[in-house]
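With the hints as extra help, turn the sequences into a complete structure.
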Amino acid sequence: MEREHHLVPEDKLWQRYLFRVIYRSDTRLGKLFDIILLSLILISTAIIMMESVPQLDKRFHYTFLILEWIISIFFTAEYSMRIAVIKNKRHYIFSFFGIIDFLALVPFYLSFFFPITKYFLIFRMLRMLRIFRIFNLLDFMNDGYLIVRALKNSSRKIYIFLLFLIIFSVIVGSLMFMVEGGRPGFETIPQSIYWAVVTVTTVGYGDVSPITPLGKFFAVVLMLAGYSIIAVPTGIVTAEMRNKRQNLEKVCDRCGNEDIDDDARYCKQCGKKLA
Numbered sequence: 001m002e003r004e005h006h007l008v009p010e011d012k013l014w015q016r017y018l019f020r021v022i023y024r025s026d027t028r029l030g031k032l033f034d035i036i037l038l039s040l041i042l043i044s045t046a047i048i049m050m051e052s053v054p055q056l057d058k059r060f061h062y063t064f065l066i067l068e069w070i071i072s073i074f075f076t077a078e079y080s081m082r083i084a085v086i087k088n089k090r091h092y093i094f095s096f097f098g099i100i101d102f103l104a105l106v107p108f109y110l111s112f113f114f115p116i117t118k119y120f121l122i123f124r125m126l127r128m129l130r131i132f133r134i135f136n137l138l139d140f141m142n143d144g145y146l147i148v149r150a151l152k153n154s155s156r157k158i159y160i161f162l163l164f165l166i167i168f169s170v171i172v173g174s175l176m177f178m179v180e181g182g183r184p185g186f187e188t189i190p191q192s193i194y195w196a197v198v199t200v201t202t203v204g205y206g207d208v209s210p211i212t213p214l215g216k217f218f219a220v221v222l223m224l225a226g227y228s229i230i231a232v233p234t235g236i237v238t239a240e241m242r243n244k245r246q247n248l249e250k251v252c253d254r255c256g257n258e259d260i261d262d263d264a265r266y267c268k269q270c271g272k273k274l275a
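Per the UniProt record's numbering, residue 1 is the first one in the sequence shown, and the count goes up by one each step.
The hints are simulated quantities; they were obtained by calculation from the structure and are not laboratory data.
Misleading hints may appear alongside valid ones.
Derived lysine-lysine pairs resembling PhoX-like cross-links, with alpha carbons at most 25 Å apart [said to hold, decoys possible]: (1) K89 - K12; (2) K12 - K31; (3) K268 - K152; (4) K31 - K118.
Keep in mind it's a predicted model, so treat the numbers as computed, not measured.
Okay, here's the thing in structure tokens:
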């Protein structure tokens with residue numbers, strides 16, 4: 001996720017003025033613009049949800065349609081202005097927020113050809129992430145970056161754990177198929193694996209349950225194992241977050257690089273001497 005406010009245009013006064021209004025919230029007009037933007041996102045999301053209710057859609061269909069057009073035209077103009085006023089347009093278009101802004105527009109235009117895609121407009125809710133910047137809650141956003149980095153660095157361990165879980169579920173599901181002897185819910189190995197996954201994750205829908213004493217014994221073992229299995233990825237991510245938190249102060253002042261070794265004296269990205 002890229003920082004989005006450091007490419008101020010240098011050419012024209014109107015570009016610098018619009019840049020400050022659109023990308024920053026340090027002026028009354030800029031904060032008003034952001035609050036209007038967030039309000040329209042909430043209204044658009046509410047419309048999408050109400051359209052899925054047949055009674056409401058039948059009664060207010062044209063009202064919803066008009067509001068969708070107005071809001072989508074506003075978002076299209078806003079997206080165009082964001083590209084027009086920034087110095088490095090490619091940076092914004094392919095940044096985290098740039099991609100989110102684009103995804104918030106595409107479903108509206110796709111719905112002309114594929115009506116069902118309009119419900120993907122719910123992705124506009126992701127634009128609410130800007131609320132952290134608007135109300136000066138960037139410390140919360142930094143915590144979000146910390147979680148993302150911890151998940152990324154823990155990905156190999158989590159992949160291995162998921163592989164083990166898949167193997168475990170397949171084996172247990174196959175055993176239950178043999179134990180239950182094709183009873184309802186266990187007619188096939190895939191159905192038995194479905195039961196094993198639901199049980200080991202402690203979801204427990206209750207739509208399928210074993211009948212035989214041996215099957216119930218396997219179910220008890222699987223349910224008890226489920227609690228310990230859930231704790232594994234939690235511990236992996238928590239340990240990684242603790243390590244990242246300890247090294248959080250090691251950030252390059254020039255480029256913002258946070259991938260800095262403990263014994264590093266210079267930034268590996270820009271070469272700046274570290275404090």
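**Study point:** Hinted pair K12 and K31, Cα distance within 25 Å
**Key:** Status holds; Cα separation ~22 Å.
Point to revise | Hinted pair K89 and K12, Cα distance within 25 Å | key: holds (15 Å)
Review point. Is it true that the CA of K268 sits at most 25 Å from the CA of K152?
Key: Status holds; Cα separation ~20 Å.
Review point. Given the proposed pairing of K31 with K118, does the C-alpha separation stay at or below 25 Å?
Key: Violated. K31 to K118 sits at ~29 Å, over the 25 Å cutoff.
When each numbered hint is compared with the structure, a violation occurs for hint 4 only.
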